[in-house]
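Chains as they are written, first to last, in the numbering used here: chain Z, 1 to 181; chain U, 1 to 181.
There may be inaccurate statements among the hints.
[Stated by the list, open to error] No more than 35 angstroms apart at the CA atoms, straight line, and that leaves these computed lysine-lysine pairs for DSBU-like:
1) Z:38 x Z:134
2) U:38 x Z:134
3) Z:134 x U:134
4) U:134 x Z:38
5) U:134 x U:38
Hints were generated in silico from the structure; no laboratory data involved.
2 protein chains.
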Amino acid sequence: MNFCPSCGAAVVRRIPAGDHLPRDVCSACGAVHYHNPKLVAGCVAESGGRILLCRRAIEPRRGFWTVPAGFMENGETLQQAAARECQEEALAQVEVGRLCAIVHVLHAQQVHVMFRATFASPEFGVGVESLEVKLAAEHEIPWAELAFPSVVFTLRRFLEDRAAGREELHFAAIERPPAQG
Amino acid sequence: MNFCPSCGAAVVRRIPAGDHLPRDVCSACGAVHYHNPKLVAGCVAESGGRILLCRRAIEPRRGFWTVPAGFMENGETLQQAAARECQEEALAQVEVGRLCAIVHVLHAQQVHVMFRATFASPEFGVGVESLEVKLAAEHEIPWAELAFPSVVFTLRRFLEDRAAGREELHFAAIERPPAQG
Chain Z
1 MNFCPSCGAA
11 VVRRIPAGDH
21 LPRDVCSACG
31 AVHYHNPKLV
41 AGCVAESGGR
51 ILLCRRAIEP
61 RRGFWTVPAG
71 FMENGETLQQ
81 AAARECQEEA
91 LAQVEVGRLC
101 AIVHVLHAQQ
111 VHVMFRATFA
121 SPEFGVGVES
131 LEVKLAAEHE
141 IPWAELAFPS
151 VVFTLRRFLE
161 DRAAGREELH
171 FAAIERPPAQ
181 G
Chain U
1 MNFCPSCGAA
11 VVRRIPAGDH
21 LPRDVCSACG
31 AVHYHNPKLV
41 AGCVAESGGR
51 ILLCRRAIEP
61 RRGFWTVPAG
71 FMENGETLQQ
81 AAARECQEEA
91 LAQVEVGRLC
101 AIVHVLHAQQ
111 VHVMFRATFA
121 SPEFGVGVES
131 LEVKLAAEHE
141 IPWAELAFPS
151 VVFTLRRFLE
161 DRAAGREELH
171 FAAIERPPAQ
181 G
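Generate coordinates for the entire structure from the input sequences, incorporating the hints supplied.
If you want it as structure tokens, here you go:
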């Protein structure tokens, strides 16, 4: 941040009175501009035991596979955001179920919140942000071509839980970006 | 947002190509500035069956009671954020436990993530953002003087679960601000 979104003057980086961290403070109007982690919502959507996967048409990680997920919008719940991402990326209508994983992606200043889901109707297709969409059985998951560590973590915990007949909530913290390739 | 935080030019509100919602778009550099819900992390911290409550020294809802909670910072996990808020508001060191509630505070564009916690050491005190801090037994909770609906929801579910000997995760969505008074 270089300029104040409120008044357009230059911002300076300093610790405001009563605070303990450096913030972006406007040199003219004095407004303090905080930067906080962004929420990403997504889901592992099952149909007949197979899992909905999308190959990304957009950066970052274009060409790699993911479960439907994206930035949460104002005015929606996490469950609504996860369902919307399924609609946008995979033209799929899902019922969002229990929470599966919360992954702190510290280097990206994001928190990924991943639910379980089931198909509300069997159709799906290729959304504008996807190159390809498919239902994958467990042995068909392209582990080496998954886009993000949070997706790997979520799918592993999902599959372990499914095999064990349980639906737990799992936490992880990731501190480094994946190697690009 | 009136001015572009990157280049300082005026922003206009329009739907960018490939998007479906109006965004703040810079009239000069073209940068799209998204606004997403902010995360608040907090906890219900127990000591000997009593619950840690803080009377707020700051707006909004100065003078009303809350569990320790506040905006998550970049670079920390939700659990670390909840523990930090206990330290700042109540000078208490806690061990953060299982997730208790996720409350979508839609009108405020916030998601409140509330954990269970226990005291790691028995001391506590009055942090700079608090007027008063106390341990309250269930019958001592000042329900009519709680600061936010998300705190009411979290404490009710926490107490129901505790009485039933379980630790579930509960969701809620709140669409209106509390009546001021």
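Here is what the structure says about each hint:
For a cut-off of 35 angstroms, the pair hint linking residue 38 (chain Z) to residue 134 (chain Z) stands: about 28 angstroms separates their Cα positions. Distance check on the hinted pair: residue 38 (chain U) and residue 134 (chain Z) sit about 33 angstroms apart at the alpha-carbon level, within 35 angstroms; holds. For the hint linking residue 134 (chain Z) to residue 134 (chain U), the alpha-carbon distance of about 54 angstroms lies beyond 35 angstroms, and the restraint is violated. Taking the CA atoms of residue 134 (chain U) and residue 38 (chain Z), the gap is near 33 angstroms; set against the 35 angstroms cutoff, the hint holds.
At roughly 28 angstroms between alpha-carbon atoms, residue 134 (chain U) and residue 38 (chain U) fall within 35 angstroms of each other, so this suggested pair holds.
In this structure, only the earlier hint numbered 3 is contradicted, and the remaining ones agree with it.
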